[in-house]
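Trainee: The lines below spell out each chain.
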Amino acid sequence: MAKKLDLRRFPGFLPMTWLCLFLLYAPLIIVMIYSFNDSNSITQWGGVSLRWYKDVFWGLEAEKFKLAAIHSLIIAVAAATVSTTIATMAATAMLRAGRFRGKSISFALINLPLMVPEIVTAVATLIFFSTIGFTTGLTTILMAHIVFCVPFAYLPIAARMQGIEDVYEQAALDLYATRYQAFRLILLPLMAPGVISGFLLAFIISLDDFIITNFVKGAGIETLPTAIFGAVKQGIKPNIMAISTLLLLVSVVFVTLSYLVGRMGQNKK
Amino acid sequence: MENKGTNSDIAVDISNVTKRYGSFTALKNVSLAIQDNEFFTLLGPSGCGKTTLLRSIAGFEDISEGAIRLYGEDIADLPPNKRPVNTVFQQYALFPHMDVIQNVMFGLLRLGADDATAKARVGEVLELVQLTEFANRLPSQLSGGQQQRVALARALAPNPKVLLLDEPLSALDLKLRQAVRLELQQIQSETGITFIFVTHDQEEALTMSNRIAVISDGKVQQVGSAREIYEAPGNKFVADFIGETNLIDVDVKDVKAGHASCILPSGAAFSCHAADGARKGPGHLSVRPERVAVTTPAKGLLQGTATRAIYLGTDMHIEITLTDGEIVTARIQNSENTHVPNIGETVGLNFEASAARLLVD
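Chains as they are written, first to last, in my numbering: chain A, 1 to 269; chain B, 1 to 361.
Keep in mind the hints are simulated off the structure, nothing from the lab. Careful, some of the hints might be misleading.
[Stated by the list, open to error] Which bits of chain A does chain B cover? Going by a derived footprint, with three or more residues having C-beta under 8 Å, they are:
hint	region
1	160-174
2	200-208
[As the list claims (entries may be wrong)] Rough simulated footprint, nothing fancy, chain A against chain B, three-plus residues with beta-carbon under 8 Å:
hint	region
3	28-42
4	86-92
5	95-102
6	336-342
[Claimed, not checked] Sample of chain A residues at the chain B side, in silico, Cβ under 8 Å:
hint	residue
7	43
8	177
9	181
For glycine and all other residues, C-beta sits at the position ideal for the given N, C-alpha and C.
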C-alpha cells in the first residue's frame with residue numbers, strides 16, 4: 001500500500017518540483033546572498049559585509065526609506081485593525097445569523113476582492129477618489145488597504161468560527177447572558193486565535209501591497225514597496241537587496257506567526 | 001394573569017404546542033402538564049420531537065402555535081436569557097477557556113450576583129456534585145463523568161425554576177451511566193427543582209422518572225408513571241417501544257367498561273383489560289415475554305413449535321412459532337427447575353388475563 005503511494009514513483013513529479021523550487025526561490029536566495037555583498041556591483045561578488053545594511057539605516061537614502069517604512073507600518077497597523085474588525089463582524093453575521101436574504105451574495109462580495117484583478121481595483125479606486133474630489137494621500141491609501149484586506153482577514157476568522165459549535169453561545173444565553181455578552185465572553189475568546197491570525201495576515205498583505213498603493217498614493221507620499229520601486233527605476237543598487245531581504249524577513253515572520261496562532265488550540269479535543 | 005390556586009402546582013404547562021420547520025411538523029399539538037418538584041422524562045426514539053420540545057421550553061426554538069407557561073407565566077415569547085430555566089446540554093457545552101469555578105459562576109454573575117455571594121453558591125453546588133477538589137481545573141482536564149457533573153452544577157447554580165436535561169448521560173459509558181442515574185435522582189429530590197429529562201433510553205426513563213411522556217412522531221403517545229406505561233401501555237407504539245412485548249393478533253368480539261372479550265388465533269376465547277379507545281374487530285393483544293409461560297400443548301391457550309432459544313445469562317428467550325406463522329417470545333428464568341423446550345418441540349403457551357392488554361393500533 002505505502003509503496004504504491006510513494007511520491008517518488010509519480011513520473012515527472014521530481015523535475016517539476018525542482019523547476020518550481022528553482023523559479024520561485026532561486027531569485028530570492030540570490031537577492032539575499034547579494035545583500036551581503038561588499039561591492040558596488042549587483043552582479044560581481046566582492047566578499048561578505050554588512051555594508052549595504054548600514055547604508056539602508058544610515059546612508060544617503062536612509063531618511064527616505066525610513067519615512068516610507070513608517071508610512072507602511074502606520075497604514076498596515078490601521079488597515080489590519082479596521083479590516084479585522086469588519087471581517088469579524090462579517091464572519092459573525094455569515095456564520096451565526098442563520099439564513100438571511102442575500103447571504104450568498106454577501107459571501108461573494110466579501111471574497112470578491114480576492115478575484116478582481118488588482119490593477120482593475122487600483123484604477124477604479126483612483127477614479128473613484130478623483131471623482132469625489134478626495135485628495136490622495138495617506139488616507140486614500142489606508143481606505144483602499146482596508147477594503148482589500150477584509151477578505152484576507154475574513155478567511156482565518158471564518159475558518160476558526162466554523163470550528164466553534166454554537167452550543168457554547170446557547171449555553172451562555174441559557175445562563176442569562178445577553179447576546180452581546182455571549183459574543184464577548186464566549187465566542188470572541190474562543191475565536192481569538194483566528195482573529196489574531198486574520199490580523200497578522202491583513203497586516204502583511206497591506207505591508208506588501210504595491211499596485212493599489214502606487215495608484216492611490218498622493219504625490220510625495222511613499223510606502224516601502226513604492227519607495228523600493230522608485231529606487232529601482234533609477235538603477236538597482238545593492239542597498240535595494242538589503243531592504244528587500246529585511247522586508248522578506250518581516251513577511252516570513254508574520255506569515256509564520258499567523259499560521260501558528262491560527263493553529264493554536266486547534267489540535268485540542 | 002394571576003393563576004394561583006388550581007395551577008400553582010404545575011411547573012410547566014405546555015398547551016397545544018405545534019412546531020413546524022417548513023413543511024415538516026416536529027411537534028403536533030402537544031399538551032403536557034409537568035408538576036412542581038417532579039422528575040419528568042420525555043422519552044422517544046430519535047427524531048420524535050422530544051429535543052425540539054425541550055429546546056422550546058429553554059427558548060432556543062420559536063413555537064409555531066400554542067403556549068408554554070412557567071408557573072402560570074407565559075414564556076413562549078421570551079428569549080432564553082429571560083427564562084428562569086437552565087439546561088444541561090447533551091455535549092455539556094462547558095466553556096473551554098474557563099475553569100470549573102468560572103463555568104459554574106457564569107450564570108450567577110449574569111444575574112447580577114456579587115463576587116462573594118457567587119463564590120459561596122459555587123462552593124455549595126460543587127459540593128452537591130462532589131467536585132470541590134476539581135474547582136480550578138479546565139474542562140479539558142476532566143473526565144467525561146466529571147464534565148457532566150460540572151454541566152449539572154453550572155445549570156443548578158442559578159437555582160432555576162426548572163432544570164432541562166438533554167440526554168446528558170448518552171456520552172458516558174454504561175457503568176458510569178448507572179451511577180449517575182442514582183445521583184441525578186438524589187440531586188433532584190435534595191434540591192426540589194423540577195427536572196425535565198430527555199432520553200431515548202427506556203431503561204433510563206423507567207428507573208429515574210416520577211412520570212414519563214412517551215413521544216413519537218411529534219405527538220404525546222402516553223403520559224404516566226413507569227409502572228403505568230410498562231404495564232398498561234395505551235397503544236401499540238408504547239407497548240413496543242417500552243421493553244419487549246408480544247403483539248398477538250386477536251378478533252375482538254366486545255369491549256365493555258375497559259374489558260375486552262376476544263378470540264385468540266388458536267380459537268380460544270379470552271377476556272382481559274382493554275386500553276382506552278379499543279374497539280371491536282381485529283386487534284392486538286400485548287403480552288410481555290416474562291408473563292408468557294411455556295407448558296404442554298393441552299394446557300396452553302396457544303399452541304406452537306419452539307423454533308429458537310436465545311441464552312441471555314439470567315434468562316432465556318424462547319421463540320415459539322404459532323400455527324399461523326406468528327412468533328411469540330417467552331422469557332423464562334435460567335434455573336434448574338424450569339423446563340426448557342427443545343427446538344422443534346410442540347408446546348403450549350399460557351398467560352393470565354392480568355398479563356394481557358388489548359391495545360389501540
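Trainee: Each hint: holds or not?
Mentor: So, going through the hints one by one against the coordinates:
Counting residues of the region 160-174 of chain A whose CB lies closer than 8 Å to any CB of chain B gives 8, so the stated coverage by that chain holds, three being the minimum. Only residues whose beta carbon comes within less than 8 Å of a beta carbon in chain B count, and the region 200-208 of chain A has 0; fewer than three means the coverage is violated. Counting residues of the region 28-42 of chain B whose C-beta sits closer than 8 Å to any C-beta of chain A gives 0, which falls short of three, so the coverage hint is violated. Remark: the region 86-92 of chain B is confirmed as covered by chain A, as 4 of its residues place a Cβ nearer than 8 Å to a Cβ of that chain, reaching the required three.
A count of 3 residues in the region 95-102 of chain B with a Cβ less than 8 Å from any Cβ of chain A is obtained; the coverage claim is therefore met, three being the minimum. Against chain A, the region 336-342 of chain B contributes 0 residues with a C-beta closer than 8 Å to a partner C-beta. That does not satisfy the three-residue criterion, and the hint is violated. At about 55 Å, the closest approach between the beta carbon of residue 43 of chain A and any beta carbon in chain B exceeds 8 Å, and the interface hint on this residue is violated. The interface hint given for residue 177 of chain A is met, as the beta carbon of that residue sits about 5 Å from the closest beta carbon of chain B, less than 8 Å.
A distance limit of 8 Å between C-beta atoms decides the matter here; for residue 181 of chain A the minimum to chain B is near 7 Å, and the interface restraint holds.
When the structure is compared with the earlier hints, violations turn up for hints 2, 3, 6 and 7 and for no others.
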